[in-house]
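2 protein chains.
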Amino acid sequence: MAKAVVLLSGGLDSATALAIAHSRGHECFALSVDYGQRHVSELVAAAALATSIGAVEHRVIKVDLSTFGGSALTDLSTAIPAGGIKPGIPVTYVPARNTIMLSLALAWAEVLRSLDIFIGVNAVDYSGYPDCRPEYITAFENMANLATKAAIEGAKLRIHAPLLNLSKAQIIEQGNLLGLDYSLTVSCYQADEAGRACGVCDSCRIRRAGFESAQVPDPTHYRPLFP
Amino acid sequence: MAKAVVLLSGGLDSATALAIAHSRGHECFALSVDYGQRHVSELVAAAALATSIGAVEHRVIKVDLSTFGGSALTDLSTAIPAGGIKPGIPVTYVPARNTIMLSLALAWAEVLRSLDIFIGVNAVDYSGYPDCRPEYITAFENMANLATKAAIEGAKLRIHAPLLNLSKAQIIEQGNLLGLDYSLTVSCYQADEAGRACGVCDSCRIRRAGFESAQVPDPTHYRPLFP
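Sequence lines, in order, name chains W and H.
Just so we're aligned: the first sequence equals residues 3 to 229 in the numbering used here.
Just so we're aligned: the second sequence equals residues 3 to 229 in the numbering used here.
The shape of chain W in the complex, shown without the other chains (with noise of 0.2 Å):
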């Protein structure tokens, strides 16, 4: 079994990569990257999907991405918008999140000498995020292909980013097909430290379509006050 790198944030989408890799047959390590997001819940979503899905590890590396500031998931002074989705890039955006996130699998997968990384980006939903298209990928995939020792030796490594192309209600269906329990996973910018979402943020709204859509019930935790 080859080995991959996955990034899984504990989110809908990254949890539907880690499936996908696992159902190729892939090795699974798990990478979440702690960047000083508002909460933590997240992250013990990551490690439940990880083990829930079959990982063979999962590990958090921190990076205080607060440092720089710039983006309301890491700015605590920056209020999170909560009254339905505007077009352009929001105030969630993190400056260059999957860049250092690829990064960090980058060096994972050199360590481990494996040639798959995947990560669950997708261009159709998050239109507005300039490190979510696949031209994006193709270039970053062309740099690692220059940056490790493997590539020196030859060998050709890989960005996966299976959901590139779906949308959010054909990354359900997907899910589904492959058994995962999406009850597992927390997509809310601001959940509660129980991982309960609120329901309004850009993140709830589309989550909440995407179930519609795709006819499967919604099994998102949702805060009680929810109106």
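Rather than coming from a laboratory, the hints here were simulated on the basis of the structure.
Just so you know, these numbers come straight off a predicted model, no measurement behind them.
Hints may contain errors.
Identical copies carry no separate label here, and so any pair may be met within one copy or between two of them.
Claimed, not checked - Here are the simulated DSS-like cross-link-like pairs (lysine-lysine), alpha carbons at most 27 Å apart as the crow flies: (1) Lys151 <-> Lys64; (2) Lys5 <-> Lys88; (3) Lys88 <-> Lys64; (4) Lys151 <-> Lys88.
Chain H: place on chain W using the hints.
Only chain H this time, still in chain W's reference frame:
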């Protein structure tokens, strides 16, 4: 003055890169990465250098790459070679280090709205490192130009590697012309707490040969027991 993010390890090369960025009229934001290296004297040196050279700000971001292992610089159970420079990639190579450091610089640059990142990589004296080659730097720049908000808005980000094709002696000559105080720099892979060098690791050997070749007095603080 255009803002530039400059990666600053505290060693000779990155200090020279900072001096060059400053001499080109950039407002310099120095970034050090605490990646779990064996000693912190490098980071202490970086702070002194940032002030001495005239950076407007210096930040340290922590990423514990010892989480992954794989390098003598982060793994205390692997010895630093002291017997002289060998061909091939040395055990002091840190997996994906430059990719991770450039990614972090990219995040800060995005927040600062800076389009210039400086890194003191050098392809001449470190030809064993895959991520010190010109084609790698170009590939990172291409990726970065697809990764950010600025990229979407049409701005062009540049990765400057002004030492790329210089020998160690030429680097020292440039820094000397710019008034850089090399006694503040720490290059040794196993410096002690006071920043004093071992004199026998690869980094010490390359550095000392550079001063000799440049015919510049070596200001390095060696440990008293240096043979």
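Earlier hints that do not hold, by number: 2 and 3
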